[in-house]
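**Student:** Construct the complete structure from the given sequences, taking the supplied hints into account.
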Amino acid sequence: MTRSMTYAGAALEALREAMQADPKVWCVGEDLGRGGVFGQYKGLREEFGELRVSDAPISEAAIMAAAFGAAMVGTRPVVEMRFADFALCATDELINQIAKARFMFGGQSRAPMVIRKPMGMWRSSAAQHSQSLESWYAHIPGLVVAVPSTPQDNYAMMKAAIAADDPVVYLEHKNIWANEGPVDPDETYSWGTARQRHAGSDLTIVSWSDCANRAELAAKTLAAEGIGAEVIDLRSLWPWDKQAVLDSVARSGRLLVAHESVAVGGFGAEVVATVCERLGGAFKAAPRRLGAPRSLIPYAPNLEDQLRVTTDMIVTTARELCQ
Amino acid sequence: MTRSMTYAGAALEALREAMQADPKVWCVGEDLGRGGVFGQYKGLREEFGELRVSDAPISEAAIMAAAFGAAMVGTRPVVEMRFADFALCATDELINQIAKARFMFGGQSRAPMVIRKPMGMWRSSAAQHSQSLESWYAHIPGLVVAVPSTPQDNYAMMKAAIAADDPVVYLEHKNIWANEGPVDPDETYSWGTARQRHAGSDLTIVSWSDCANRAELAAKTLAAEGIGAEVIDLRSLWPWDKQAVLDSVARSGRLLVAHESVAVGGFGAEVVATVCERLGGAFKAAPRRLGAPRSLIPYAPNLEDQLRVTTDMIVTTARELCQ
Amino acid sequence: MTAANYDTARGTALLEMMERIRAFERQAELAAIRDQLVLGAIHLSLGQEASAAGVIAALRRDDLLLSTHRGHGHTLAKGADPTAMMAELLGRETGCCGGKGGSMHIADFDVGMLGANGVVSANIPIGAGAAHGIKLLGDDRIVVNFFGDGAINRGPFLEGLNWAAVFELPVLFVCEDNEWSATTRTATMTAGAGAAARAQSLGLRSESVDGNDVEAVADLARDLVDAIRNSRQPAFLHARTFRQSGHTYFDPASYRSQAETQARIDADDPIERQRETLQGAGLAKDQLDAIRQAAEAEMVAALEAAKAAAFPPDESVFADVQDIGSPEREAF
Amino acid sequence: MTAANYDTARGTALLEMMERIRAFERQAELAAIRDQLVLGAIHLSLGQEASAAGVIAALRRDDLLLSTHRGHGHTLAKGADPTAMMAELLGRETGCCGGKGGSMHIADFDVGMLGANGVVSANIPIGAGAAHGIKLLGDDRIVVNFFGDGAINRGPFLEGLNWAAVFELPVLFVCEDNEWSATTRTATMTAGAGAAARAQSLGLRSESVDGNDVEAVADLARDLVDAIRNSRQPAFLHARTFRQSGHTYFDPASYRSQAETQARIDADDPIERQRETLQGAGLAKDQLDAIRQAAEAEMVAALEAAKAAAFPPDESVFADVQDIGSPEREAF
Ligand SMILES: Cc1ncc(C[n+]2csc(CCOP(=O)(O)OP(=O)(O)O)c2C)c(N)n1
Ligand SMILES: Cc1ncc(C[n+]2csc(CCOP(=O)(O)OP(=O)(O)O)c2C)c(N)n1
Ligand SMILES: [Mg+2]
Ligand SMILES: [Mg+2]
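Residue numbers (the numbering used here), protein chains in the order written: chain A, 1 to 323; chain B, 324 to 646; chain C, 647 to 978; chain D, 979 to 1310.
Hint data in this document are derived by calculation from the structure and do not stem from the laboratory. One or more of the hints may lead you astray.
To be verified - Calculated pairs, SDA-like style, for lysine to any residue (alpha carbon to alpha carbon, straight line, at most 20 Å):
(1) A/Lys42 with C/Gly657
(2) C/Lys931 with C/Leu683
(3) A/Lys284 with B/Gly603
(4) A/Lys242 with B/Arg375
(5) C/Lys781 with B/Glu600
(6) A/Lys42 with C/Gly892
(7) A/Lys24 with A/Glu50
(8) C/Lys781 with B/Gly372
(9) A/Lys284 with B/Glu600
(10) D/Lys1263 with D/Tyr984
(11) A/Lys242 with D/Ala1259
(12) D/Lys1113 with A/Lys284
(13) A/Lys24 with D/Gly1224
(14) D/Lys1285 with B/Pro346
(15) A/Lys42 with C/Ser900
(16) B/Lys365 with D/Lys1113
(17) A/Lys284 with B/Gln646
(18) C/Lys953 with A/Ala178
(19) B/Lys347 with B/Leu374
(20) D/Lys1113 with A/Arg123
(21) C/Lys781 with B/Gln646
(22) B/Lys565 with A/Ala286
(23) C/Lys781 with B/Lys365
(24) B/Lys607 with B/Gln646
(25) A/Lys284 with B/Ala573
(26) C/Lys953 with A/Pro301
(27) D/Lys1113 with A/Arg52
(28) A/Lys42 with A/Ala178
**Tutor:** In structure tokens, the structure reads:
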């Protein structure tokens, strides 16, 4: 039955249900016993106890590594990194160990883990608390990369991530914890399938995470102007829904990719490159990317705004593409 | 006066000369006192003493962080990470600290550092000793990314990296330490300028690091068949020589990017996307990338070969592009 | 009761610094809560002023300092201008980092303050490295490196201390143990006998002190700083204190008993203790109140000046990223 | 002279295991140098056999083990098949990791061996985590976690030990101190009183042992393993030994005196010591030689079998990466 939930609350509900269904699911991270920094674990300690809702020392490397060790023996940890930025303290653990173990050991092990990394710009948090590094993880064999943008997806994808036997880098956007939306618990999610957020045939806008919400708003504005934009929310970057994007661009002939992360070396490059490789010159206009300039995220709000990909920018660029 | 040097020897010579010229230059890493794992520091301990050619505990995070601290007070460290893979143990230090300090502190500090990370596949070293993650660093504001492919460039770029006031991620390829070539110490290098490794007007091949050597070989084979390939060795990925690539593709109408790293999310995507954004549909054939499949680097030599971008693959793909 | 040879001038200076730190933070809190002008998180060191004031009093101006997310007190004690600091908290052009860093990245290189840090424990080996740089340059400065009790559970603690000891570097590590790591009692997540024992096992001279007794802190710090300056060997100071406020200014600390917290504050506030010490040494209450009022007036003015300052020019977001390949607006 | 109640059967089994480990590594060395069939680096544990044999003798088959780049001995002692191990070194399909891992990633989950690791120190918190998993599952297994003396200078050492102590996990950490970290004398880069003191400061029961005395190792390990199994608390064992060979099989170790190395080998080889012990307990030299010959024969056969095995099928490079988004050859 469809209910209204927040983005944070939807993931919490998914996690709660998964913990009720499977005693091997547990979660670990700093301050989880008091509900987590963003309240994403509220009530779980009371329901499941301190063994299954575990606090942690400020030891990101050990949180990641210990959860991995526990996953290898058959438990299913949900790992909280607090801010995606701090997860960089556990990079060897994620990249050299977790992502590689199954392969290196010839298939003897699995790492069924959900690694939650709240990402993105939020309230003047400056350079060390604002990063979006999803393209890094998409580049690493062995990892699945989730970038949900709505309560519905944060519910269904969290469930799918916990059910997966692969390590899933699960990037929630800090700016939308409080976003409300309908959640149908019976809507299934299947990895690598995009969601059409808006229909249209004049141009294809590909996006993910919070930026997909802005892309949808942009499409509404564009629709009022008579420009039909198909907005494709990728939802996961590995695997990603090439087919949906290729089919859409084959129809529209115009491609715009928008993401919050730095444009240079961002996953938008992968999307544009893939489409160009497959479709060659079959474009009505040269494809475009919108991402952050290659600068650092500042503290002052007006400076922070300089780096944002806004709804307006998406609208303007879309118009240019359709001229 | 031009001399013949190895790729490893050229960087050693550049470092030696820089240390002779500036007492603030020093180097630090595990086993450096005995010349380093690949002999890249041979003789320096004897010439400059143990303060300036410093051993280190097995503490990658502290090696990176301590060198950064020493850079902030005005020294110019050359940091040895041994294998690029181990540098992942110092990711917070490089990404959250070194790359960001100057900006976060409003320009008060500098991090004049060369961070050497020997990269790439070499002799069945398997998944934890073979990675090529150059696209990660190109994505990070604040970092300069060097990917030399020849003794000449490893000499001139090492000098330029030591002279730079920015942190330079300096990625040498382990497979070509012993490659010999002429080094003209007076040839200057300027960041973001590519080197034309082969002339031709039928197609543009963009590459870097050891793969650029294979691209040059491929161009020779293609030339014998009457296909003229311009091979552009980017040499640095940030900044990168967009103009050289755009000019060449504007002439040839065909683009192939070849690199050893994983294709998905690799820097080849950035090159293809940028060219497509600028040149739109002005292609004679759809652009192509060659990179590793999104799998892990295995130990068995025959499996390792499955992931390599070979000279033959470049030749074959170039032929397809020119059909 | 204070000893006959009690140094009233020093004691007064220590109180002054603590009052200035507290007044600064009270104004910062007002700027955040009353004025809504501080958007990012700020972490107050209310109740922890003694270790900042006491340790840094032992330093020369050219000595170096590194700090944490809870670094206003250290920065002020090292000699930074409170107006520039406040402007930084408000993200203004006149801020000590040009509005780019905010509270968690506060820094003033002119007074040797090499930066707060938003990543717990990260500054520990960086500070060791600053001392390494000093050793290479061959001068006689030293480095003081502050961090919290929670920071001793991250790897850089071990790597940084080992580094300093192995390379014989002039650095004083100061663990400000306020018993809390955000909403977690640090003791529940920390094994063994604590920070000082860990430091000792890593080969450092290691001392503990009542971190709310500013005179004791200052005495021990003077001793340690002299020893470091002469021996060029690192040392470790464990200062026991208490975090009076929530973790951030917007944290109501509902996970701990308000009554217990208040009892701790009433019984053991470093500023009140030093006021008593000075009264015991013969200073009048009026004199002490005047110190507080001066501090408050200074910080009210700092906040006013900060509020009047402009935001940084938009284009500054492209400055000071890097020399080579500096970003441009159209760089993508 | 051995005590009256000396357990000859155990002593013999320990010698057998050490001889098997040495014979395995001698064959591996031949495969590498003579046959040029091992392309990647291998790290031999010649001279360190006693800690592998002695500690692991105290384990049950269902207990878990994690190791390092120098992990052949541990793996063999835990019960892995030497033919599958040798095949792995040769990159063959029949290798215990299907030829994908090689020496540095050797693993045999069937016998509870959860993997060697190419990153120094990385397995320390992973092993703690395996014990954490056991605690969550509620069974009575324990974990043994080997690493070298160089590994105690990386952060995961601190984080992993603190983790194990805080969460009260059934894990025995074993530091095999062979005095060397590649070409560096570990002591020159390590401050403080050493591994055991560090472990103690992190709240672990911590013991040291002559790691070349296999009986002493076995006695202490039995005691520690029993304590861990009953108390569900971690413990630490520091085993002093010596790396007889170069760091890798192709390292001539020219940075240290060959004469001194030889003297150490002559004076303190764990296998020779155990042979003497057993002779003292009444075993004949012939019996001891027969043990050695049997081990050698076994490992010669293992190498022969490994050589005869096929390389893995090319397509296996795309298998066992991940379930979701598994790579395909055309995936780029
Ligand atoms: C690596 C890392 N992990 C987590 C955090 C989030 N965090 C910020 S402050 C803090 C508590 C730190 O405790 P302590 O070191 O005792 O300093 P205190 O806040 O008490 O001054 C935490 C967990 C962080 N900033 N960096
Ligand atoms: C993080 C990391 N840094 C460096 C290396 C390179 N390396 C491999 S083994 C080794 C020495 C390790 O010494 P120790 O831990 O004492 O183990 P031993 O080799 O003596 O068995 C080094 C530096 C590595 N594998 N991982
Ligand atoms: Mg604290
Ligand atoms: Mg060793």
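**Student:** Would the pair C/Lys953 and A/Pro301 pass a check requiring their Cα atoms to be no farther apart than 20 Å?
**Tutor:** Distance of about 14 Å is within 20 Å: holds.
**Student:** For the pair supplied as a hint, A/Lys24 and D/Gly1224, confirm whether the alpha-carbon distance does not exceed 20 Å.
**Tutor:** 44 Å, violated
**Student:** Please verify whether A/Lys284 and B/Glu600 have alpha carbons no more than 20 Å apart.
**Tutor:** 12 Å, holds
**Student:** Hint check: A/Lys42 vs C/Gly657, CA-CA at most 20 Å. Holds or violated?
**Tutor:** 47 Å, violated
**Student:** Sort out whether B/Gln646 lies within 20 Å of B/Lys607, counting only the CA atoms.
**Tutor:** 10 Å, holds
**Student:** Would you check the hint for A/Lys42 and A/Ala178, treating anything up to 20 Å between C-alpha atoms as holding?
**Tutor:** Holds - the C-alpha atoms of A/Ala178 and A/Lys42 are around 14 Å apart, at most 20 Å.
**Student:** Straight-line Cα separation of A/Lys42 and C/Ser900 no greater than 20 Å?
**Tutor:** Holds. A/Lys42 to C/Ser900 sits at ~14 Å (cutoff 20 Å).
**Student:** Checking one constraint from the list: CA of D/Lys1113 to CA of A/Arg123, max 20 Å. Satisfied?
**Tutor:** 40 Å, violated
**Student:** Are D/Lys1263 and D/Tyr984 close enough, with their CA atoms no more than 20 Å apart?
**Tutor:** 18 Å, holds
**Student:** Take the C-alpha atoms of B/Lys347 and B/Leu374, compute the straight-line distance between them, and say whether it is at most 20 Å.
**Tutor:** 11 Å, holds
**Student:** Are the Cα atoms of D/Lys1113 and A/Arg52 separated by 20 Å or less?
**Tutor:** 11 Å, holds
**Student:** Assess, step by step, whether the Cα of B/Lys365 is no farther than 20 Å from the Cα of D/Lys1113, and give holds or violated.
**Tutor:** 50 Å, violated
Hint violations for this structure: numbers 1, 2, 4, 5, 11, 12, 13, 14, 16, 17, 18, 20, 21 and 23, all remaining hints satisfied.
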